[in-house]
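Asks: Listed below are the residues making up each chain.
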Amino acid sequence: MSAEARLAELGLKLPEPPAAAGSYVPTVRTGDLLYCAGTICSLAGQMTHTGPVGRDQTVKTAQEAARICALNTLANIRAATGSLDAVKRIVFISGFVNAVTGFADSPAVINGASELFVQVFGEAGRHARAAIAVAGLPKDSTVEVLAVVELKS
Amino acid sequence: MSAEARLAELGLKLPEPPAAAGSYVPTVRTGDLLYCAGTICSLAGQMTHTGPVGRDQTVKTAQEAARICALNTLANIRAATGSLDAVKRIVFISGFVNAVTGFADSPAVINGASELFVQVFGEAGRHARAAIAVAGLPKDSTVEVLAVVELKS
Amino acid sequence: MSAEARLAELGLKLPEPPAAAGSYVPTVRTGDLLYCAGTICSLAGQMTHTGPVGRDQTVKTAQEAARICALNTLANIRAATGSLDAVKRIVFISGFVNAVTGFADSPAVINGASELFVQVFGEAGRHARAAIAVAGLPKDSTVEVLAVVELKS
Numbered sequence: 034m035s036a037e038a039r040l041a042e043l044g045l046k047l048p049e050p051p052a053a054a055g056s057y058v059p060t061v062r063t064g065d066l067l068y069c070a071g072t073i074c075s076l077a078g079q080m081t082h083t084g085p086v087g088r089d090q091t092v093k094t095a096q097e098a099a100r101i102c103a104l105n106t107l108a109n110i111r112a113a114t115g116s117l118d119a120v121k122r123i124v125f126i127s128g129f130v131n132a133v134t135g136f137a138d139s140p141a142v143i144n145g146a147s148e149l150f151v152q153v154f155g156e157a158g159r160h161a162r163a164a165i166a167v168a169g170l171p172k173d174s175t176v177e178v179l180a181v182v183e184l185k186s
Numbered sequence: 034m035s036a037e038a039r040l041a042e043l044g045l046k047l048p049e050p051p052a053a054a055g056s057y058v059p060t061v062r063t064g065d066l067l068y069c070a071g072t073i074c075s076l077a078g079q080m081t082h083t084g085p086v087g088r089d090q091t092v093k094t095a096q097e098a099a100r101i102c103a104l105n106t107l108a109n110i111r112a113a114t115g116s117l118d119a120v121k122r123i124v125f126i127s128g129f130v131n132a133v134t135g136f137a138d139s140p141a142v143i144n145g146a147s148e149l150f151v152q153v154f155g156e157a158g159r160h161a162r163a164a165i166a167v168a169g170l171p172k173d174s175t176v177e178v179l180a181v182v183e184l185k186s
Numbered sequence: 034m035s036a037e038a039r040l041a042e043l044g045l046k047l048p049e050p051p052a053a054a055g056s057y058v059p060t061v062r063t064g065d066l067l068y069c070a071g072t073i074c075s076l077a078g079q080m081t082h083t084g085p086v087g088r089d090q091t092v093k094t095a096q097e098a099a100r101i102c103a104l105n106t107l108a109n110i111r112a113a114t115g116s117l118d119a120v121k122r123i124v125f126i127s128g129f130v131n132a133v134t135g136f137a138d139s140p141a142v143i144n145g146a147s148e149l150f151v152q153v154f155g156e157a158g159r160h161a162r163a164a165i166a167v168a169g170l171p172k173d174s175t176v177e178v179l180a181v182v183e184l185k186s
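So the sequences go chain by chain: A, B and C. Add 33 to the 1-based position in the first sequence for our numbering, that's all there is to it. Add 33 to the 1-based position in the second sequence for our numbering, that's all there is to it. Add 33 to the 1-based position in the third sequence for our numbering, that's all there is to it.
Careful, some of the hints might be misleading.
Repeated chains share a single entry, so a pair holds when one copy, or any two copies, can fit it.
To be verified - Computed cross-link-like contacts, DSSO-like style, restricted to lysine-lysine with a CA-CA straight-line distance of at most 30 Å:
{"no.": "1", "residue 1": "Lys185", "residue 2": "Lys172"}
{"no.": "2", "residue 1": "Lys46", "residue 2": "Lys185"}
{"no.": "3", "residue 1": "Lys93", "residue 2": "Lys185"}
{"no.": "4", "residue 1": "Lys46", "residue 2": "Lys93"}
{"no.": "5", "residue 1": "Lys185", "residue 2": "Lys121"}
{"no.": "6", "residue 1": "Lys172", "residue 2": "Lys93"}
{"no.": "7", "residue 1": "Lys46", "residue 2": "Lys172"}
{"no.": "8", "residue 1": "Lys46", "residue 2": "Lys121"}
FYI, nobody ran anything at the bench for these hints, they're computed from the structure.
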């Protein structure tokens, strides 16, 4: 089943591609790789989750934040390529979690993004990954997700 | 206009390539990609901006720090390739900002680097990006910038 | 001398490849690049170093933590390729250090990983790099290391 068909089956509709929060572009293609800019958890220009996990958010609410970042990344990929079916493989994601000092559960948070990629792309959605807790994110977003994607030639 | 010509027109002179602060090299080429090591805001071996934004630095001074990081990255690119005109495209930059906990304006800071790349390379300088606030950077640098660059074949 | 021969000469035995701490895979190959997931300092499922440098760990103990992360990355590379001799070049590593706010010596810590790569691969182990201090890492690991590796075609 194609990624676009799976997305429909999951009842998911991608958000509008987010506006850039600075002097950059959402994606750059080099060879067969598509480098995707960091996405934060916003929908239609409104933040959905702000503040650090361990104070303003829980692991559970932050997983939903991570899922929204991933949806925004998918929206950027489709805007760049025309269709999610252009994706050959999700190669790598970096997940940054806005969290209180010493937060040790960033993998659980970033699973919210990782699992969406697997739901949409199946085996081709399985990626290598890093999950890091940091002092702050743009617009006080709870999560930021970066992706490197391989496109079909 | 070529990147080297634009640089001259902007009245910019690149610094000496910075000395590595550890057991690594400034750039590695693989295929047409040049991976650039993180650069900090130092000139001629002296730090220009140290300490976190929100305590020791403002967004405005940190933008200048980010610009200096970008100049150091350009110096490393030229040292590796002989000329900035070897660059086909700035693909991705990761901008890390040394900042107080909860700092939410890292995109504004990293614009100091992003805008330099666009000034020097024009459309080819427009890149995907992440901006992240972190607990600490090498030598207490206020900013660190990493770049992935596509070279002409 | 081959990387596997150097490893033997150094008296090093790679650990079992670490279990993933989330919904991801240890490595993904795209073209000749192998993207390696972040590794933490654990051996046989037990954390070897936890807590931040500057409170629970010193630069010296954290260097050993970084070395263990690098050994885990090597274990993942061998599991993916069959042999470290499949490596053409270590291209880039990102080293994240769990540290107290304002920690400025992450390069010294990450040298523990960088030097291992050079010991095992010689010139081909010399990589570009970033070293960043962060608020928290998975399982409270003291260090996390990510690598991008070029494989022989």
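Asks: Take the hints in turn and mark each one as holding or not.
Replies: Quick rundown of the hints versus the structure:
1. For the homomeric pair Lys185 and Lys172, neither the shortest alpha-carbon distance inside one copy (34 Å) nor that between copies (36 Å) is at most 30 Å.
2. Taking the closest pair of Cα atoms, Lys46 and Lys185 come within 30 Å of each other only inside a single copy of the chain (23 Å); across copies the shortest separation is 38 Å, beyond that limit.
3. Taking identical chains as interchangeable, the C-alpha atoms of Lys93 and Lys185 are never at most 30 Å apart, the minima being 34 Å within one chain and 42 Å between chains.
4. Taking the shortest Cα distances, Lys46 and Lys93 sit within 30 Å of each other inside one copy (22 Å), while across copies they are farther apart (39 Å).
5. Taking the closest pair of Cα atoms, Lys185 and Lys121 come within 30 Å of each other both inside a single copy (5 Å) and across two copies (22 Å).
6. Proximity of Lys172 to Lys93 under the C-alpha cut-off of 30 Å is found in both arrangements, the shortest distances being 20 Å within a copy and 17 Å between copies.
7. When the C-alpha separation of Lys46 and Lys172 is checked against a cutoff of 30 Å, the pair qualifies only within one copy, where the shortest distance is 24 Å, while the shortest distance between copies is 34 Å.
8. For the identical chains of this complex, Lys46 and Lys121 are intra-copy neighbours only, at 21 Å inside a copy versus 35 Å across copies, given an alpha-carbon limit of 30 Å.
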